[in-house]
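On the provided structure of chain A, position chain B as indicated by the hints.
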Amino acid sequence: MLARSPLARLPDRALKYGLTALAALILALIVYFFIRLVGEARPAFAKEGVPGFVFGNDWNVGAEHFGALPLLVGTMITSALALLIGVPVAVAAAVYATELCPLRLRAPLTMLVELLAAVPSVVYGLWGIFFLAPKLQGAEQWLADRLSFIPFIGGGLVTIPNYFITGLILAIMILPIVSAISREVMATVPADHKEAALGLGATRWEMIRLAVLPYCRSGIVGGAMLGLGRAIGETIAVTILIGDSPTLSHHLFNQGYSLAAVIANEFGEAQGVHRSALFAAGLVLFVLTLLVNGVARLLVARAARGSSSGAPGAPGASDMTAVADTAAGT
Amino acid sequence: MSAHGASADRLARFALSPARKRKDRLAQGLILAGTAIALVPLVLIIYYLLHKGLGAWSSSFFTTDPTGNTFFGGSSIGGIKSAILGTIEIVALASAISVPIGIGVAIWLVEYGRSSWFANTVRFFVDVLTGVPSIVFGLFVYIVLVVGTGSTYAGYKGSIALALLMLPVVIRSAEVILLLVPAALRESALALGAPRWRVIFNIVLPTALPGMVTGVLLAVARAAGETAPLLFTAAATLKTSFDLGGFMNSLPVQIYKDVTSPTTAVVNRAWGAALTLVVMILLLNLIARLIARRSRLA
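Chain order of the listed sequences is A and B. Heads up: the first sequence begins at 1 in this note's numbering, then just goes up one per residue. Heads up: the second sequence begins at 1001 in this note's numbering, then just goes up one per residue.
So that you can see chain A by itself, here it is in the shape it has in the complex (with noise of 0.2 Å):
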C-alpha cells in the first residue's frame, strides 16, 4: 500500500520533466545563438576569407575592406595589460584580507573591494575619460618620453584616449572577480598548513609564500583567467576609453580600437557587408572568450594536479569561482 497511484505521481512526474525541458532548452539556446551567428557573420568570411578577416590589417568601412587585425590587436593589448596591472593588486589585496589584516578590518575592506564589481561600466567609461585619462596624460608623455628607447611603448605623441588608458580602467574593473576568487580559495587554506609552516619557523611571508599561494595557485590563475575573459568582453568602457581608431597603432599610449567597441560603436549605421563584418567580429570575440575560459578550465585542473600534496580536499574549481562570481555580484 505504500506505492503512489498514478494519479499522485503525475505532479512529480511533470515538474521532472518539466525541469528537464528547461535544462535541454538553455543548451539548445546556445546552439541556435552560436548557428545564427555564424550565419549572419558568412557574407563578411565570404569576401575576405576567415583568416583574411581575423589577420587582415585593414579595417575600411568606406572602401569595404573588412580586415579584424587592429581590433584583434586593441582587445589582446587591453586585455593583457588589464591582467598586468589587475592581477598582483588583486592578489595582493586578497593576501592582505585573508592573512594580514586585523580581523576587525576584514569584512570592510572585503566589501570596499566588491563595491568596485558594483559600479556599471559606463560609468567606469565616464570617469576614465573625464578624470584619469586627462589628469593622467602628462605622466603618460613623461614615460613614453623616457622610455623611447622601447619600441611599440616608448615615442610618439600621448593621446587623450589610447591602449595604456583602457588597460587600466581594465584593470580596476577585473580587481574584484580576481579579488575574490583568490579569496575564496585562499580561505579554503588548512590551517593546519599554515600553523606547520609558521611552527617550523617560518615568517609571515615564507609562511605565505610555502603554505598559501601553493595551496591556491590554480584557483589563482582560474581567477585570473575569469577576468581575462571579462577584460575581452567589456565594451562601453572601452569604446569610450580607447579613441576608435581603426588603424593599427604602434605606440602603446595612441588610440586604437578593440572587437567589442567596434560593434557597439558601427552597429547602429552599419548597413550590407559591414554589418556582417561586424557580426563576424561579434563571432571572434564569442570564440575568443570561449578558448580563454576552455584554457582557464584546463590551467585550473593541471594546476589541481600539479599542487596535488598541497590540495587534497581543495574544492572545485568550478564551484569556486561560482561561488566568487556570485560574491563579487558580477
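Read the hints as simulated data drawn from the structure, not as lab findings. Glycine included, C-beta positions come from ideal geometry on N, C-alpha and C.
With a straight-line Cα cutoff of 27 Å, these simulated BS3-like cross-link-like pairs (lysine-lysine) come out:
id	chain 1	residue 1	chain 2	residue 2
1	A	K135	B	K1052
2	A	K194	B	K1023
3	A	K194	B	K1021
Selected chain B positions facing chain A (Cβ under 10 Å, derived; list incomplete):
id	residue
4	K1021
5	A1027
6	F1118
7	L1164
8	G1193
9	A1270
Just chain B, lined up with the frame of chain A:
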C-alpha cells in the same frame, strides 16, 4: 652555566637572520601597498561621482525627460526621468523572465540532474554563457528579434537580452544555495512519505529562499548597469514610455550618449545620471547583503 650558554647558543641559531627579516618586511609592505592601490580608484570614483553628480541633481532633474536640445545648456537639456523609468521597466521584465527559468534549471541541476553527464553538460554550457560578452547577447537578440521579426527595437527586446545575461548568474548562485540545504531535511521529508515535488516546494525552496533572493538581487544589480545589450535592442528615445513594445530609454544608454557630447551641461547630466544609477545599484546590493546576513544558510 655552560649548559645555559649552550641552549642560548642553540636558540640564537633559530633567530631570524636579518636577510629573512628584511624580506618579510618588504613582502608585507608590498602586499599592504597593493591593497592600498586597490582602494584608490574606489575612493576617486566615489568622490568624483558625488562631486559632479550632486551638482547635476535637482528636483527637475528627476521629473523631466531629456530634450534633444543639447546646444544651449541650462535647464533646456532636461532631466533623466525617462531613463530612470525605462531602466526600472526593462530590468523588471528581465528579472520576471530570467528568475523563474534560472531557479527552475538550478532545481533541476541539484534535485534531478545531480552529476549525470547531461547535468554536467548543462553546467558547462551555463559557465560558457557566463563568459559570453554582454554585447554579443545584444547581437543575438538583434538577429532573432529585430531581423527575425522584421520589426525594430523595443523595450522587451532589451529585457530579453538582459535576461540572457542574468540567467547564468541566477542559475549558478541558486545552485550553490540549493546545495547548502542539508540532505537530512530532504531525507526526513521523503521518509515521511512526501512526494518529491512537495519536498522541493515545501522544504527545499523555503529553506533556500533568502540565499536565492540574494543571488537574484545581485544579478539584477548587474543587469541594471549594462549598456551594451541595450544599444541595438531597446534603443534610445527621449520620451517616458510605459509600453515595453516600443522604444525605451535607459540610464546606461542615456549616460553613454551624453558622454560623447561636447556640451558641458550634457556631460554634467551624464554625471548626475551615473550617480543615480550607482545609488540604485548600491541599494540593491545593500538589500541583498542584508537578506544574506539573515539567511540561515551559508
